[in-house]
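Going down the list, the sequences are from chains R and X.
Taking full-length UniProt numbering as reference, the numbering of the first sequence is continuous, increasing by one, and the terminal residue is 180.
Taking full-length UniProt numbering as reference, the numbering of the second sequence is continuous, increasing by one, and the terminal residue is 180.
The hints are simulated quantities; they were obtained by calculation from the structure and are not laboratory data.
Do not rely on the hints blindly, as some may be mistaken.
A pair counts as met if it fits within one copy or between any two copies, since identical chains are not told apart.
Cut-off 20 Å, straight-line C-alpha distance, at most; resulting in silico cross-link-like pairs (SDA-like, lysine to any residue) [to be verified]:
#1 LYS65 x LYS92
#2 LYS65 x THR29
#3 LYS92 x ARG30
Protein chains: 2
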Amino acid sequence: MQNPLNSSRCVIVENGKVIGSGSNRVNETRNATRHAEMEAVDMILAPWTPSECPEAGSIKEQLTKKFGECELYVTCEPCIMCAAALAILGIKKVYYGCGNDRFGGCGSILPLDTDGCGGCGNSSSGEDDGDSAKRRGFECVGGILADEGIALLRGFYEQGNPNAPRPHRPVRAQDSSLAD
Amino acid sequence: MQNPLNSSRCVIVENGKVIGSGSNRVNETRNATRHAEMEAVDMILAPWTPSECPEAGSIKEQLTKKFGECELYVTCEPCIMCAAALAILGIKKVYYGCGNDRFGGCGSILPLDTDGCGGCGNSSSGEDDGDSAKRRGFECVGGILADEGIALLRGFYEQGNPNAPRPHRPVRAQDSSLAD
Chain R
1 MQNPLNSSRC
11 VIVENGKVIG
21 SGSNRVNETR
31 NATRHAEMEA
41 VDMILAPWTP
51 SECPEAGSIK
61 EQLTKKFGEC
71 ELYVTCEPCI
81 MCAAALAILG
91 IKKVYYGCGN
101 DRFGGCGSIL
111 PLDTDGCGGC
121 GNSSSGEDDG
131 DSAKRRGFEC
141 VGGILADEGI
151 ALLRGFYEQG
161 NPNAPRPHRP
171 VRAQDSSLAD
Chain X
1 MQNPLNSSRC
11 VIVENGKVIG
21 SGSNRVNETR
31 NATRHAEMEA
41 VDMILAPWTP
51 SECPEAGSIK
61 EQLTKKFGEC
71 ELYVTCEPCI
81 MCAAALAILG
91 IKKVYYGCGN
101 DRFGGCGSIL
111 PLDTDGCGGC
121 GNSSSGEDDG
131 DSAKRRGFEC
141 VGGILADEGI
151 ALLRGFYEQG
161 NPNAPRPHRP
171 VRAQDSSLAD
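Go ahead and model the full structure; you've got the sequences and the hints to work with.
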């Protein structure tokens, strides 16, 4: 599970089957918004783009139903951005490992799981579908294998970041047997 | 400025020059996270992907400096997800038109502009660079041409949504002279 380029991992499960997965690709893509959760969500949505799935009409209803049946498992508590995105999409439940008391969006900094993120559970910025007044969050359970999650992240940080302009920690040589 | 598929628009300006732009592509992509701000950010980051820009090292420092000099202009107050993303990226300043009292992340629901989003101003989920303890927000000015922004959104909603499974409003025939 160790990789010099990412740490947090995520899977999305529907009816007991993994239908999406992602890992943190911030360093790899150099895009600070590419967290594991956003990667997994985009994997699920890819087949639903108009080019792949041209018929419209019932798509939104199908996607709302689909995410409403999905559970997400992730190493670390989703940040505020990701928790808001999961509320927007209407995810059913989130399980996470270790909490994040600096930028967690599922209670540590903001409780977007219980409070939702305004009316955006059924809407999006500027795209009001008329029933977005309610605030919708999602079920959330933290502390799943928390010690293992912390150990995983600690291992990542101890490697150092080869892309950092001024590394805070020395970059260690990678043991290829540990890399994905 | 009217288009049957989107409403909110966004530009990102660096030293007086527009370097990124985006429009809400939620309906078009069927991805509820593709707000105008995320589209504009991804347009700016595209040339910095490893395939386009292979050298690493100082990239993160350059991007932090770049977003720290950028101002974003958007029709409607950024939602919580987008405001968190802009805090993560370290945007300098945001100007928006009409406020959004249902899912606004710049004061209406949550004040991510003044409070930041935890320590993620310089970090990302699980990717701690060692100096993420501080909370960083961004300057924000709302109410710019607010009446015009509201009129733009109202015009969008009055068109109806041809992709809605059960449209709340009847879909009007489009006047091609108004479409982009």
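Verification of the hints:
| no. | hint | verdict |
| --- | --- | --- |
| 1 | LYS65 x LYS92 | within (10 Å within a copy, 38 Å between copies) |
| 2 | LYS65 x THR29 | between (31 Å within a copy, 17 Å between copies) |
| 3 | LYS92 x ARG30 | between (30 Å within a copy, 19 Å between copies) |
Of the numbered hints stated above, none is contradicted by the structure.
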